[in-house]
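Asks: Sequences listed follow chains B and R, in order. Under the working numbering, think of the first position of the first sequence as 59, with each following residue one higher. Under the working numbering, think of the first position of the second sequence as 2, with each following residue one higher.
Since the hints were made in silico from the structure, they are not lab data. Watch out, some of these pointers could steer you wrong.
Straight-line alpha carbon distances no greater than 30 Å define the calculated BS3-like cross-link-like pairs of lysine-lysine that follow [claimed, not checked]:
| # | chain 1 | residue 1 | chain 2 | residue 2 |
| --- | --- | --- | --- | --- |
| 1 | R | Lys40 | B | Lys144 |
| 2 | B | Lys144 | R | Lys32 |
| 3 | B | Lys103 | R | Lys32 |
| 4 | R | Lys40 | B | Lys103 |
| 5 | B | Lys99 | R | Lys32 |
| 6 | B | Lys102 | B | Lys144 |
| 7 | R | Lys155 | B | Lys103 |
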Amino acid sequence: MSKWAAIILLLLLTGFGYSSAYAVTPDEQLSDPVQEQRARKISKKLRCVVCQNQSIDDSDAQLAGDMRRIVRERIVAGDSDEQILKFMVDRYSNFVLMRPPFAANTLILWLSPFLFIILGIGMFWHISRRKPKSVTVLNQTDETEQRLTEVLEEMKKN
Amino acid sequence: MKIRPITFLPVIILLGIGIAFAFGLRNDPSKIESTLINKPMPDFVLERVLDDQPALTPADLLGQVSLVNVFGSWCAACVQEHPMLMRLANHEGVAIYGIDSRDTAEAGAAWLEKYGNPYRKVGLDAQSRLAIDLGVTGAPETFLIDKQGRIRFKVIGPITEQIWKQQLKPMMDLLEAES
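Generate coordinates for the entire structure from the input sequences, incorporating the hints supplied.
Replies: In structure tokens, the structure reads:
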């Protein structure tokens, strides 16, 4: 029981309990929970152009707040999620998307992991294909083992 | 043992990545390329900042080469840029228009009272609506507008002597020659 209490306390201390806190203020929220849910989802996909490593859903920057307001306005106006994302991309370029799209200038970004995996497999295959240099290694192991038993026996005597 | 060229491959790849990152670090991440270059100035409706002057309208930006400067009374870098704008307006004859972003009319007017007003006209963009339409990420940002009201160039951050001499002035002279 106390173990669980300790774990919960630890999680709270590490900020776990606060991870659901967000920058959206109550007065910006939409009264329709379905629409509000959509707004949150879209906001998470949009980068705060001031702080850059946060989404506008997380950011306390004023400009992020203004962007969230526009996202909600467009939802109420009946725009689709894609239309809203495009609205922001038209103004701030693809940079405003937290997840960069697959495009000519992001080819390296998306393909390099696969390239490295193929390269790694290639090198692994290349190295493992090599034949062992000689067979004396086995004999050496036998000798070493023999020597080990000798040493152990000597230690027992002492 | 003979060392084969393939042994060096990981080192060479790592070195390549390192060099790419070293160059990447030199880029200023706050400088996001504008998507609006050569596009018309987005339409806007602004409120007035100064009591004795109507608010900036899209029609004000037609028929001349001008600068549109996004500022705010909360913006520290704008104070730093301000003497430059005053000089351009008063001694170089540049038409500068102001967008007072994320501000109140009172605070904006008080700021212009304190530091001087380089703007032919000012408009209040209280909720960053126009700023977002312009893809603005902070203040100051300055847009170079041609005679047709199209955005031709954008300066992120304060206009420095160097930016004025090497970029803005030559471009404005060129645009001035356009019909």
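Asks: Each of the hints needs a verdict: does it hold here or not?
Replies: Going through the hints against the structure:
Between Lys40 of chain R and Lys144 of chain B the CA atoms are separated by roughly 17 Å; this keeps the pair inside 30 Å, and the hint holds. Taken as a hint, the Lys144 of chain B and Lys32 of chain R pair is honoured in the structure, with Cα atoms around 20 Å apart against an allowance of 30 Å. At roughly 20 Å between alpha-carbon atoms, Lys103 of chain B and Lys32 of chain R fall within 30 Å of each other, so this suggested pair holds. Our distance criterion of 30 Å between C-alpha atoms is met by Lys40 of chain R and Lys103 of chain B, whose separation comes to about 26 Å.
Only pairs whose Cα atoms come within 30 Å are accepted, and Lys99 of chain B paired with Lys32 of chain R is accepted, the gap being roughly 27 Å. Annotation: proposed proximity of Lys102 of chain B to Lys144 of chain B holds, straight-line Cα distance about 15 Å (limit 30 Å). With a C-alpha separation of about 26 Å, the suggested pairing of Lys155 of chain R with Lys103 of chain B holds against the 30 Å cut-off.
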